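J.: Listed here are the chains, written in short residue letters.
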Amino acid sequence: MSKIDEILSRYREGSHESLIPILQDVQEAEGYLSENAIVHIGSFLRMSTTKIFGLATFYDRFRFFPGGRVHIRICNGTSCFINGSAPVIAAVRETLGIEPGQTTRDGRFSYELTTCMGGCNEGPVLFCGDNYKTRVHPEDVPDMLAKLKSLSDLQ
Amino acid sequence: MQFTIEVNNRSIKAEKGETILSALNRNGIMIPTLCRMAEFTPTGACRMCVVEVEGRDRLITACSAPVEEWMKIKTHSPRVIRARKTIVELLLSNHPDDCLYCDRNLDCELQRLSDEMQVRERRIRGSKIKPRRDQSSPAIVRELSKCILCGRCIRVCEEVVTATSIDFIGRGRYTHVGPAMDRDFNFSSCIHCGQCVLVCPTGALHEKHYLSEVQEQLSKNDVIRVIQYSPLVPYALANEMGVKYTRDFDRILNATLRKTGFDKVFLSGAGTDILITELADAIIGSETTAGRKPLIVSACPAWVKYCEQFTPELLPLLSTLKPPQQISGSIIKSVVPVSDDRPRVYTVSVTPCTAMKFEARRDSMTRKGISDIDTVLTVRELARLIILYGIDMTNIDPEPADEPMELRSSAALLAEVAGGIAESVLRTIAVRAGGKEADRVAVKKLRSTGIFRETSVTAGGVTCSVAVVDGLKGLEKLKQMLDAGTHFDLVEVMACPGGCVNGGGMIPAGSKEAVRQRTRFIWQTDEQEAVRGPEQSSTVAGLYGNVFDQCPELADKKLFHTHFSKRDVLL
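Going down the list, the protein sequences come from chains P and L. Under my numbering, think of the first position of the first sequence as 1, with each following residue one higher. Under my numbering, think of the first position of the second sequence as 1, with each following residue one higher.
These are calculated hints, taken from the structure and not from any lab test. Since we're looking at a predicted model, the values are computed, not measured. Hints are not guaranteed to be accurate.
As the list claims (entries may be wrong) - Below, a list of computed lysine-lysine pairs in the DSBU-like style, where the Cα atoms sit at most 35 Å apart:
(1) K3/P <-> K566/L
(2) K51/P <-> K220/L
(3) K51/P <-> K512/L
(4) K220/L <-> K512/L
Stated by the list, open to error - Listed next, the stretches of chain L that the computed footprint assigns to chain P, with coverage defined by at least 3 CB atoms under 8 Å from CB atoms of chain P:
(5) 165–176
(6) 179–186
We treat Cβ as the ideally placed atom computed from N, Cα and C, and that holds for glycine.
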């Protein structure tokens, strides 16, 4: 039984209201929403994949590419921007050498820009693994990424 | 229950339960709308129709708010007009200002609204949407930068067509309309019916144009150019060109097409006649064999693609006969004589349909890689071609079409409305059984307004039961009945509600009533015409009696059959 089947077995067939919980579970289990997963969910809920994809793209939390082992989300909202998120984003881009949505060659890192994560008074906010990092300075970025790198080696 | 409300300091009558908009419109007060579509539940998304109601702080949307007794409404107060103008200005803020080069120039709702609101400058500047032009589909082009996100296409695709091929993708200023996984159209579950094209207010969705291809061929000396048109085309074209349709118009069109540069003009209706004859043969033939299976008509290309994707279990029941356009196409490419200095035949077909552009490109519709129909034009494109070549249709002598497909029966015209093919087949079966015509009362059941209609007709001791699915919404009922074991001899499915009269290549009808009006026109014409069925048509007699026998390719009629197979797309 695949991971997706196992998740789906917890829900009632054809229940449209379970769509978001299912998507959340699948994202947690697989790290992203694959095309295969969306088709699977679609036939389970008897919903069009177009609708599922349309809904999922509305929410920033859902991803449609596998991404790296460490996935970083950087707030690109207004408040974080005023607090200086642009240099942070630039530092991440420079250190990793990739654009948002891309994955490093070794498959270790990926990052994306998101809208507000609710830490406006503590910005710039950055989210990786299960942790929020607040008041991030651009000069801290290389150190932070190096730490994350060694952590991901341990995993 | 009726009551009086005050609108612009005058009282008007309103019905309980109706929207403000419908009360206003009934009393001759027009207010602009954009996201609204007749016969759909209102969404109030675009806010073009806002009005001022005394006692309410905010402007409210007339299309969605129910009218109430206490209301004092202002429909054109300075505040309302300013709000509407701002809405249009906001829509234009990220719109590409390329109206002159746009497909819908002079026929665009946004353009009209901006003129009505007297927008004369770009007051609000937004960052323009990144241009993205999806030309992957053979039938429909999607231009994302022109989309104003009214959502009409999405609702039609979901609620009318039931294919649900497109939806809003993303959020905020990145929102756009597209198929699953943001793919291009040709990889999606789109069935090319073109209903979305009919409702798009701007040039964001339009049919793919093949006019330059036609022009190129018209300028060559070494090709024989053949054009055929569907029975509905003259009537639709007259509407599009603003000419009053008369009986002569069909023959005027023949002359016009010859003036445009086509060497031969044929009627696709002759192909429809052959389809009707072959379908009747198949049903009468199956009468004697055991295990009668329902035969599902495959004349509607959008339905065929839908079936291949969504209901592959019905594929074995699908008639293998080619649709009319392809039947006549295969006759044309077999019988039109070529010479040494003009060795190639180029065929154009004019239809009220966008899906036929896709159909003509199917692998199974080609012979040795050469398609029977090279180019498919919609009625709108034909009108443009005629205007481009400067032909005055009001001042031209009528001419007949070319042999061997110079006439069509009125049954072929009837096939352009939903239920028409079924009705024509029943008629032919009745005549074959020795009757004069099919049982009128029974056949009339096929002319009701339901999305699923059925009837059975007994002729010459043989009972034939038929069903008509008018719009893909009726398919659910058909599946239920087939599952329950109900027997039908013939099932006609039309993807567009109302049939080809509401096809994606037609002029937008706008409401069910307008489609019904076109339908009634066809029924009337059918009553008046002399040749009512393929069995009375001299063209059909000539084709079967003479042409097919002389042409080895056509003699065994294998050319009239094709095959369909399951299609793997994201559903």
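J.: Apply the coverage criterion to the segment 165–176 of chain L and chain P: a residue qualifies when its Cβ sits closer than 8 Å to a Cβ of the chain, and three qualifying residues are needed.
T.: Held - the segment 165–176 of chain L has 8 residues with a Cβ nearer than 8 Å to chain P, which meets the minimum of three.
J.: Check the hint pairing K51/P with K512/L against an upper bound of 35 Å on the C-alpha distance.
T.: The hint holds at about 27 Å.
J.: Are K51/P and K220/L close enough, with their CA atoms no more than 35 Å apart?
T.: 47 Å, violated
J.: Given the hinted pair K3/P and K566/L, is their alpha-carbon gap at most 35 Å?
T.: 28 Å, holds
J.: Keeping to a limit of 35 Å between CA atoms, is the pair of K220/L and K512/L held or broken?
T.: 43 Å, violated
J.: Do three or more residues of the segment 179–186 of chain L come closer than 8 Å to chain P, measuring C-beta to C-beta?
T.: holds (count 4)
In terms of the numbered hints stated before, the structure departs from hints 2 and 4, listed from lowest to highest.
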